[in-house]
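We have chain A; now place chain B onto it with these hints.
Chains A and B, in that order, give the protein sequences. The first sequence begins at 4 in the working numbering and counts up by one. The second sequence begins at 4 in the working numbering and counts up by one.
What the hints contain is simulated information worked out from the structure, not anything from laboratory work. Being a predicted model, the structure only gives us computed values, none of them experimental. One thing to keep in mind: the hints can contain errors.
To be verified - Derived lysine-lysine pairs resembling DSS-like cross-links, with alpha carbons at most 27 Å apart:
1. B:Lys116 with A:Lys166
2. A:Lys169 with B:Lys285
3. B:Lys285 with B:Lys308
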Amino acid sequence: MKTAITRPFPTELLRTSTQQRVDFFRKCSIDHPNLTNSFEQAMSAINSACGPKVVMVTGPTGVGKSTLARRIYRALVEQYSDVIEQDPGAVPVAGFNAIPPNGRSFSWKDFYIRLLERHGDVLLDRKMLLPRQHDLFEGMSAPLPIERSTTESLRRAAERCLKFRKTKVLVIDEAHHILMVNDPKHLEFQFEALKSLTIESDVVIVLVGTYRLLGIRDQSGQLVRRSEIVHFPRYNLLAESDARNFRNALEQLQQKLPLPVEPRLTDDAPYFFYKSGGSVGILKDWLARCLEHALLRGKRTFDAAFADEFALSNKSLITIIDEAIEGELMLEDVGLEAVKALLYRVSGLKVPLPEGEGASATKAKHPRRVGERKPVRDKTGEHHEKH
Amino acid sequence: MKSTELQFVPELPDRGAGPGWPPRSRLYALTPIGRGTPLVEGLLSYVIRLAGAHAVGPRRLVIGALAQACPALHRYRRSVPFFKSASRSVNGLHRFSEYFVEAVEQLCSVAVKDLTLLPLRGLLPFNGPGLFAPSPRWCPACYAEMLEARADLYQPLAWSFDLYRVCAKHRCALDDRCPACGLRQHCLPSGPMIGFCCHCGQWLGRRQGPDPPAAPFDLWVAGAIGEIVAALPSLEMLATRDRFVSQIEQAVALFAGGSRRKCCMEMGISEHSFQYLLSGDKRPLLSLWLEIAYGFGLGPVAFLKARFDPAKSHPPLHKLPHPLRCRAERHVLPLDQYQTVENTLRAVAEDAECGVSVVALAQGLHLNRSCIRYLWPDLCRQISANFRARKAALAKAALEKQCQVTRDAVDALLDQGIYPNQTALARVLAPERISLGCHAVQGAYAQQLKARLGRQ
Chain A
4 MKTAITRPFP
14 TELLRTSTQQ
24 RVDFFRKCSI
34 DHPNLTNSFE
44 QAMSAINSAC
54 GPKVVMVTGP
64 TGVGKSTLAR
74 RIYRALVEQY
84 SDVIEQDPGA
94 VPVAGFNAIP
104 PNGRSFSWKD
114 FYIRLLERHG
124 DVLLDRKMLL
134 PRQHDLFEGM
144 SAPLPIERST
154 TESLRRAAER
164 CLKFRKTKVL
174 VIDEAHHILM
184 VNDPKHLEFQ
194 FEALKSLTIE
204 SDVVIVLVGT
214 YRLLGIRDQS
224 GQLVRRSEIV
234 HFPRYNLLAE
244 SDARNFRNAL
254 EQLQQKLPLP
264 VEPRLTDDAP
274 YFFYKSGGSV
284 GILKDWLARC
294 LEHALLRGKR
304 TFDAAFADEF
314 ALSNKSLITI
324 IDEAIEGELM
334 LEDVGLEAVK
344 ALLYRVSGLK
354 VPLPEGEGAS
364 ATKAKHPRRV
374 GERKPVRDKT
384 GEHHEKH
Chain B
4 MKSTELQFVP
14 ELPDRGAGPG
24 WPPRSRLYAL
34 TPIGRGTPLV
44 EGLLSYVIRL
54 AGAHAVGPRR
64 LVIGALAQAC
74 PALHRYRRSV
84 PFFKSASRSV
94 NGLHRFSEYF
104 VEAVEQLCSV
114 AVKDLTLLPL
124 RGLLPFNGPG
134 LFAPSPRWCP
144 ACYAEMLEAR
154 ADLYQPLAWS
164 FDLYRVCAKH
174 RCALDDRCPA
184 CGLRQHCLPS
194 GPMIGFCCHC
204 GQWLGRRQGP
214 DPPAAPFDLW
224 VAGAIGEIVA
234 ALPSLEMLAT
244 RDRFVSQIEQ
254 AVALFAGGSR
264 RKCCMEMGIS
274 EHSFQYLLSG
284 DKRPLLSLWL
294 EIAYGFGLGP
304 VAFLKARFDP
314 AKSHPPLHKL
324 PHPLRCRAER
334 HVLPLDQYQT
344 VENTLRAVAE
354 DAECGVSVVA
364 LAQGLHLNRS
374 CIRYLWPDLC
384 RQISANFRAR
394 KAALAKAALE
404 KQCQVTRDAV
414 DALLDQGIYP
424 NQTALARVLA
434 PERISLGCHA
444 VQGAYAQQLK
454 ARLGRQ
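The shape of chain A in the complex, shown without the other chains (with noise of 0.2 Å):
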């Protein structure tokens, strides 16, 4: 048994609420490979002088993208600290999350409204909406502005707070809630409005959401062009190492457990594996609900066992790996071949396709949609009758 001293969290801690204990473990974190790695990723993107204007950092759900999207914005706060020193009014890293729409589309009013608050700007009901610096030309005639607080007025006020307030990087979490509009036509203009402001106002622009903001690859070929995708994955059983750096996460996870013992998880590693879906998130906030609940029964440690009640149901895990799956297929890219064929073919020379290659330029062709499901995973037969 450890003693207390090799914990790695204050032993006062054993002696405090319940709540108390619980939000320490919530709020603590860990380091695994696939986090450093898609840190590191995403951080050599940021930082690249001709790099993206747009970083999306996309994962399953549960993996720990929140997590991620933390440690970039107080790595860029560190990174910027000379800046924000010496500039009273300097904001060079700014994150807030994308608040998902009331019913119908995805709101850029309360989008912009957010970032400027975010800014500490004030008088936001009272924008005007005035012509760009670059708009003005000799011998125009200005319109004299009206305060409306407009959509349009306020992504001008956006662009211009951004521009003085120095912000460099934009961290947005939740930002596939972007991409949520009722009509899937209105989807370009999602796009546009993103990659304007990355144009107009200079800045970096992290979105990080789930496998959902590939739609944007899809969609646009003007914001794929600015953009990188940094892939933030869960982790895979067969792969040896990937099942070797889960079970370290888990043991440290384990330790950080306020309990006056110490249980011994590692023991059932697969099991906690696959009741998670190898989402290093889904695992902590399991095992923060098995802390609350032995803490409220007095229990002094847990076993796999006990874990067990508070597990995900196994409908719902297989609709989280289902979403996975999907998303890492949609990651996977296509062959050279299916580039030269779309190029041949848009030529107009009439070059036969090499063997083989025609499923996949097919494929390539006919990219599928943020949504729409692979034929091969519905069931056809009784169930297709039934539509």
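Chain B in isolation, oriented as in the chain A frame:
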């Protein structure tokens, strides 16, 4: 966080522990343009640019943000004359300058005192006349250059001086009226578009054309004012009345052998100019400072810094081409005309029913209003009081007549068997140009209706 707080800390929802942010300025910390140069920006221009950066109107910024940091500005929030013209004093030494400097420095964390004349508080008087032009002026060629260079449009502090009449760079006269609508600009307009007319939105810039050449003395004055504003950050300790007086005494001793009269005559300024400065505790106007510096062949800042060494030779005194500030015409009337005018004014003042304004009287007598106010202040006060009372009485009588017409209309409708609701009554009163929106008319209508229906 409240938007009324002077600073804010960028919050990060659910972001956990991490490096703390030092407090950020509530408004953007814009860098003043041209600091330390003759074309340094004025504080009014800075506030307008700040408003544009926040995409709000300058007046809204003053009311909604600056007044939070400096409550003394609250009393001007509904004052249109303040925003149109009185705020020109923000660039000077007025209490408005102090209010705005205090508010901007708290909200932007940027030092802006040297965008005003506050560093010259020890030298220039608080309420010197003719310091600033009554409305903003600009050099069209400078605006055109700024636009072509894609630089931020702004108004240099020097442009706001009444004595700065030509652009030192382009040597052309400053404009003060819009070329399209012909109106003067507001000091703090509703919109933050510098370089565009605040009335019609027309662009105020123009490439330099074949303007008539500016007078050399006007160019010297422009350069001298540029020298003052460029040196503002370092002038606070140097620009004091005592220093100025000491420099005059040394210069007079060196140039004119101690004879102030001789000095003034050779420079072409009033021989009493030095007298009031040296004998009391009066402070020099900007125009006198410039005249004296010109006379001694120095720039105004150079005059303050100069060392007048009797052992060294000195150039001769310079004569002013013309005084910088024209004295106001003295009001002098012949004795018989004086008596006639006084009798007329006395008769009007004693007749309480007369109801003539001082302006109308002055026009009838072919005199300036300020002349008769200067010579007969008590009579003019009485005439104005009579005029106001007469106007009030006429207004009261007109209102009572409207109420009577309304009562008669109510009676007429009722006699015709029509219920006098507001719509029917308004139709009847419209040819008389009487509105039920007037409180008194509405009251008369309600009373008459109650009286008639109560009787029935």
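**Report entry** Given hint Lys285 (chain B) paired with Lys169 (chain A) - CA-CA distance at most 27 Å
**Finding:** The hint is violated at about 48 Å.
Query raised in the report: Taking 27 Å as the top limit, are the C-alpha atoms of Lys116 (chain B) and Lys166 (chain A) close enough?
Result: Within the cut-off at roughly 25 Å; holds.
Query raised in the report: For the pair supplied as a hint, Lys285 (chain B) and Lys308 (chain B), is the alpha-carbon distance within the 27 Å limit?
Result: Status holds; Cα separation ~21 Å.
Hint 2 from the list above is the single one not met by this structure.
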